[in-house]
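Starting from the known structure of chain A, fit chains B, C, D and E onto it as the hints suggest.
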Amino acid sequence: MDDTGTVIAFWLLAVITVGSALMIVAVRNLIHAVVFMMVSFVGIAGLYLTLSADFVAVTQVLLYVGAISVLMLFAIVLTPGGSRDNAETFLRLPALALTVLLGATLAYVAIDTDWSLADRGGFTDTASAIGDALLGKYVLPFEIASVLLLAAMIGAIVLVRPEASIEEAEE
Amino acid sequence: MSVDLEHYLVVGAILFATGLYLALAKRNFVGVLMGIELMFNAANLTFVAFSRFVQSDDPLSGHVFVIFAITVAAAEAATALALAVLLYRVRDTIDVDRIDLLRW
Amino acid sequence: MPDIREGFVWAIMLLPLGSFAVISLLALLGLTRPPRGGGAPVWNARFSGHLTIMAVFAAFLLALWSLETVIANDNARVGFGAHEWVTVGLLHVDIGITLDGLSAIMLVVVTGVSLLVQFYSQEYMRGDEGYNRYYAFMSLFTASMLGLVLASSVLQLFVFWELVGLCSYLLIGFWFHRDAARRAATKAFLVTRFGDLGFLIAILLIWSQTGTLSIAGIQEVALTGAVSSGVITWFALGVFAGAAGKSAQFPLHVWLPDAMEGPTPVSALIHAATMVAAGVYLVARFFPVFASSEEAITTVAAIGSITAIIAALLGIVATDMKRVMAYSTISQLGYMMMGLGVGGLVSAIFHLFTHAFFKSLLFLGAGSVNHATGTFDMRRMGGLRKYMPVTFATVLVASLALVGVFPFAGFWSKDEIMADAWDDRKWVFFVALAGVFLTGLYVGRMLILTFGGEYRGGEATEHGERHGEPHESPPVMLLPLLLLAVMAALAGFANINDDFSHLLEGSVPERAHALLTEGHFRLWIAFASVAAGLSGLAVAWAVYGLKVVQPESVRNFAQPLPEILENKYYLDALYEDVIVKRGLLGGAAILLSLWDRYVIDGTVNGVARVAGWTSAQLRLAQAGQAQLYATVVFLGVVGAIAGILVVNPP
Amino acid sequence: MLTFVIFLPLAGAAAVVLLPKEREPWSKWIAALVAAIALALVVFLFIDYDRDAGGFQFIERATWLRSDNSDFKLHYAVGLDGLSLPLLLLTSFLGLVAILISWRIDLRPREYYAWLLVLETSLLGVFSSLDFILFFLFWEIELVPMYFLISVWGSGNRIYSAWKYVLYTFFGSAFMLVGILTLGFTAGTFDIRELGQIGAIHDAIIPAWAIFSLIIIAFLIKLPIVPFHTWLPDAHTDAPTAVSVILAGVLLKMGGYGILRMSFSIMPDVAKDASVYLASIAALSILYGAMMTIIQKDLKRLIAYSSVSHMGYVLLGASAIGTVGLTGASMQMLTHGLITGMLFVLVGMVYDRAHTRNIDELSGLAHRMPFITTMMVVAGLASLGLPALAGFVSEVTVFLGTFERHEFLTTMGVVGIAFAAGYILWTIQRVFWGEADPKWAELTDATAWWERGPLLAMTAAILAIGIYPAWMMDLFEKGVGPIAERLG
Amino acid sequence: MTDVIRLGPELALLIAAGLIVLMDIALPVSREAARTKRALGFALALAGVAGSIGWSAVLIAADEQGEAFSGTLVVDDFSLFFNFLLAGITGMIVLASADLLARTRFHAEYLALVLASATGMMLMAGAVDLIAIFVALELQSICLYVLVGFLKDSRSAEASLKYLLLGAVSTALTLYGMAYLFGLSGATGLRDIAEFVSASGGDSGTRAALVLATVFLAAGLGFKMAVVPFQMWVPDVYQGAPTPVTAYLSVASKAAGFAVVMRIFLVALGEGLISSDWATMFAVIAAVSMTAGNLMALVQTDIKRMLGYSSIAQAGTFLIGLAAVAAQDPQLLLGASSVVFFLGAYAFTNLGAFIAVIAISQKIASDEIADYAGVAKRSPWLAAGLAACLISLTGIPPTAGFIAKVYVFNAAVQADLVWLALIGVLNGVVSAYYYLRVVLNMYAQEPASEETFQPSLSLGVAMAIAVAGMFLIGIYPNPLIQASESAAAVFG
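Protein chains in written order, with this note's numbering: chain A, 1 to 171; chain B, 1 to 104; chain C, 1 to 650; chain D, 1 to 488; chain E, 1 to 492.
Keep in mind the hints are simulated off the structure, nothing from the lab.
It cannot be assumed that every hint is accurate.
Derived lysine-lysine pairs resembling DSBU-like cross-links, with alpha carbons at most 30 Å apart [to be verified]:
| hint | chain 1 | residue 1 | chain 2 | residue 2 |
| --- | --- | --- | --- | --- |
| 1 | C | K386 | C | K547 |
| 2 | D | K297 | D | K439 |
| 3 | C | K547 | C | K581 |
| 4 | C | K581 | D | K297 |
| 5 | E | K37 | D | K21 |
| 6 | D | K21 | C | K581 |
| 7 | E | K363 | E | K37 |
| 8 | C | K568 | C | K581 |
| 9 | E | K377 | E | K363 |
| 10 | C | K568 | C | K426 |
| 11 | D | K21 | E | K377 |
Note that the structure is a prediction, hence the values are computed from the model and not measured.
If we strip away everything but chain A, and leave its shape as in the complex, we get (with noise of 0.2 Å):
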């Protein structure tokens, strides 16, 4: 991809996503780490534009920004005696050094392999191809989801829902 334009927007984009990324291992506070994996969620989105992966930068955009965001927000604010100040275990350096040599070697990786390249340009209205794999050669995984997604609500309200004690529930 050599166009100028694209390769500004990734630049861009990364400098943002990672950016905010490690914004949220730095700030204090974790409103505003809360805030900062909006940004980055955001500058994935728009990395997948780059990537002409338009239908999953929409998908991207509102379940992520939209939706799981707002449960953290939410789970925040229900949470009130917990730590505010997004502060690191003891397990803080080991896992900086972890976290450096795993990086480290998914980089290496990545840059090291052959990749066999594929010579094509930049997909165009991939939400419908999406949509026609996704009722057609996807159609049970989707179901699965759906399935996924009942059983998970199903779920929390189970988790949230006190157990009312026996005479209250054989009422």
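This is chains B, C, D and E only, laid out in the frame that chain A set:
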């Protein structure tokens, strides 16, 4: 100057590593969850990048995968946050490092 | 008379065995004890005695028949076939009968002495609660001894060899409630078994080298030189170890004096006349083998000599009448070994023959004395000549025979040994002569202390009755004494015209005759030995009878010899205290048990403990922190990638 | 028929367990009846065995497990030959004895008898198996009843001892399993008769000696051979009497049987090379065991250590690599089973009455219990190898067979019997003889039929073998003959 | 239509789950209705299981095998085996949960979640496309997260947290690994990936990436299999979760994990250089898992925690079979079938053990091993059943555990892994200690109270089925052997 597959992969790698750090080192359960979501996103980015660049009979299956991954992540987040609420109720904390009643 | 049939020869052994079987079966069925409701037991104990005596008597008659058969066959071996007992691969163990001069003489001696002793025991053991047991064991012993004599295969011989040891053990420990008796029994068995190890190894050696276990076959092999002389020597030494154990030869003689804890008739039969002579018989049986090896035969002579002297010396200091006789027995067995050691098969067996009579007579006499006084301690006897004249007379005859005074039996046989020694190895002759002197000394001392002087007391008998004045024993006991006295006086004439010699020579393979020493009667030797014996008696008379010098001053003069003798050369102390108690029980076994407990078991338990410890440490890794777990997961991931890429780089 | 015999005790066990609680007293009768029938059937097999034909007879075979993907096949295959038949007889005999002498057990009797019967099935199975895996199966099953019997009905430090027993055995069988699998993979079969035909193993995935070692470790532990012996004294000491009887009488023989049947007949080449090492540890075991025996204070422990010593003769005989030695070794298993079984029965009776097994506390028991003493003397003498009793026959056969190959080591073994005389006689001297101790004035002799019967039967067997061993020896020779032939 | 027919077993469970939820909503809330609802839900769940099993049988009878849903799902002997196994386990778990259900108001939700996760597991065994595998994996995971925390007390919630956290991390790992696999091969179908792997997999250009993907997948799925070092959650979660759920985790979830690992590794990564890499990796993991699991179990005092550690060790033992796969064809199948067989045998044994633990612990109100003292006197049949299961776990005949041990070590030996087999059998010795210690406690110790007790009917039935099955496999293993071999033949 061009942007290649490797660029995206490296961004993904960095995101994955950052997420991992969050997951391993953050005290608050929500912080940990953020790390995990970041790791998912790193994987998703990698998928989409591969879809775009590598030889494939069905390059869009990468996108499909990501759709499912995002769905799954949402479901998982919902469950996890419900659990956070539950935990807060029974333990008065959601600091992961303090939840160590079961051990040894 | 017709030749004896094989079945009858077997019967010699099986009759007493049957007696044993009947008595023990009755005992196991509980018929020998009073029934539960009370009253007399079904089987009166006296019947056991009668049964045994009848069996042994029948065996005695058959033994005489066997002897007659051998003589009628020109003293040659009577051939009977062998019977298969066990066959495994190349191992053929046959059982059969050896009937020749040697075994026939032994048969007669064993059954004869046994008969008299059983007869005597009826009175001696009267009222003992182990009466049935006594006769059962005596029957078993007689049977085993006869089986030993008759065996045609060395393994068969070994079987009976061990069985007589067993009977000896059981009878020494007959009064098992006595501490001394139970100790003595165990000691006797263990010491003889120690010798038997050599015997067993010899058997293993000879079988592995020749593949035969038959006695005749082994003799044959030795004479033809089919195996190396080393094997022959080792075999002979192994056999001699067994013989030395049973025949109480130095250094394995320590058990016999203690064995006197058994009832006196037992001592008379087993520890004087028969079992202890089995060693001599064994060496005689393998005489061609011994004679083929200079080393072996020299060992026999040397051990015999040492034994004869040291035991005689011990006899001088012993205060227990039976012990004196026990030492005397050891000493005389030493003589027999000496005889064999100088090639005098005939003289040795002849001495065995005469010794059987006079020594069992001496023991039975001692039993009679004990019956009267309740003690064997000579310091508490004295003057018994007056109270028990018959006993005194018979014991006197036996003593003279023992010392070798002409014309009693011992004179003839001992003289032959000395003659053989003079012809073969002169140093043995001088040892023997010294021995005769010592024999005279202790015999004289014993006679004087027991029968001379005044009565000094006495105490309860072996089995508890208490006597007042000493009195002569009843006829049932005296009859055997008298019969034995006749034999002790006259048995020496059996070989006056070499009948005995021819009988025995017939039992040695033709080819081995050259190995026999034919000692000729020499008048000066006869005089010398009689003189030595008489001078021994005289010295004893002088010291203990006339008290020319006080025994105490002799004792003080000879120090430290008496002390050494009283402590039996410290051999018992060496064996029991040093080797067994300190070395084995206190040392090696303790060390081993410490090793067992702390090193071996410690390792086992240690492994368990280490596992437990590791477990306790490892579980600490499971610290409960979820993020720690995740960290470990990623460590694993990185480790796995690194591992694969290091082991198998792209 | 054979299958029926093997599983009959198991069925009996089921019957006993399913008895209702109020019928508990029946359990011992059922158990005894079942054991007696099993014994009768084995006697029938013993008589029915065609000695002239030799080889394996009464074979029953069925495919048990079949893998289509590989040549992994397991068979249920049982059969008897001259080696296993006498051991089967011993097992069923001691099985009955064990039940009779536990006539007075009152702690959970149903379970107790059931476990005894299960144990019997597993032992019968071990000796009859013609498939190596089946053999291993029965070998392992035996652990369970033993574990329960020792830990529940034992005395003293029973739990520790049960552990030790189980873990030791399990440790050994762990190695054996790998050995068996490797062997089976190499040979392509687990059938013992077919394994007996394979030649030298050359190109296995691990060297032949390694396979041999893996397999024989289990047997050496079971035998047991120094230094793998420490489970034995503990297990013996703390097990109930009947279990000690079975343990000493039969269980140890599994080791010896395994050595002969598996290690030697399947890998003769390795066995030949290893014979000198085996003989060395055998001699070591004999002397070590004997030395340890002498200083024991506990009667059961004493006999246990004497077993260590006596089982050394089995290995010694086996290492002779010849018909005579192997026959002697197998004979020794049988005679040791009878003799030591009897010794344990007697010690159990003494313990039941005196409530102590400490030699220092006991003395003069002969006054109170003449019958037990007599039997003790008989058994003791048999144990120390007195001729005309069973022990002598086997030991002397072992010696005769081994001497040629291992002169020095056999001599060491012979020295062991002198030790045996020492510890046996010394024990009898201390425990049974001596002054009547007023402390023991109330003891009673063995009078009940279930006490006297087994003892007399064992005595009769010991005498019968001792006086005319050929009736057993010929059979054993038939059994080990082919093995010796393979050993060349 | 074929697609739906082939999905029948899973659908049966899903329909049952749906009906249960609907029924719960539809029926009124009242005391009587609660009891009815509980009974009805119980019956529906069992009916669903029965339907699933029946449908699987029909599929076999009708020879209705092959791919479905455009090659994302396959019905073959392997997936059918797991259908039976997982449905059977689910049924047993439902039976075993009866007592738990009586104590909660969320019984319908509980059953629905169990059935949904069972569906996920079945799909894991049948899915042949990474996308389907991923979604199925997540379906069962999310259901299990909730089930683990179902008691909603402090311990249960903590267990759920740990399970979720580690599970989510593992999912991320899996996803990343799948992404790389996709990047390398350009496909998500296992067969297509296999084509790439056998054609060019492992050449120096792509090897690092392939190794990375393999390790990530192994790690992500290792979480499900519970092998070292991905096992850390196991003891905590086993201890904290409701016991029926623990049983479910230890049997079904593990079986599904192994099923999916076998699918991916044997089909997609089964050829080329990489297969020897992961075989070695699994061999090492197996050795470490067995050793660590057994060693740590030694000093445990809580029986559920002890069983947790023991299940780590067991998982290590299964892995031996996978490690043995690397060799040539026939051995490959033996290794695979040994895993399958072991899973089947282990299911009965472990279920039996857990059901007994449920029944006993509930009555004595403790999970402490020390409190099991004398249980044999108080409840002879339960004690006998538990003892039998523990003996089977130890690997002593005539139980399933013995045959499994022989079978799996045989596979190891045939694959030249004698060292691994040795480690395995020696670990068996270690495991004997902690398994039999429980038996010892029950039989050789005196009980604290003489009061006797009986299991409830459903527990008793479940227990009887498990123990009977365990002995049946131990005595006549052939049917299960045949089944697991034909299942493994799928990979031939």
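Results for each hint:
no.: 1; hint: K386/C / K547/C; verdict: holds (21 Å)
no.: 2; hint: K297/D / K439/D; verdict: holds (19 Å)
no.: 3; hint: K547/C / K581/C; verdict: violated (42 Å)
no.: 4; hint: K581/C / K297/D; verdict: holds (15 Å)
no.: 5; hint: K37/E / K21/D; verdict: violated (41 Å)
no.: 6; hint: K21/D / K581/C; verdict: violated (55 Å)
no.: 7; hint: K363/E / K37/E; verdict: holds (26 Å)
no.: 8; hint: K568/C / K581/C; verdict: holds (18 Å)
no.: 9; hint: K377/E / K363/E; verdict: holds (14 Å)
no.: 10; hint: K568/C / K426/C; verdict: holds (28 Å)
no.: 11; hint: K21/D / K377/E; verdict: holds (13 Å)
Of the numbered hints listed earlier, those contradicted by the structure are 3, 5 and 6.
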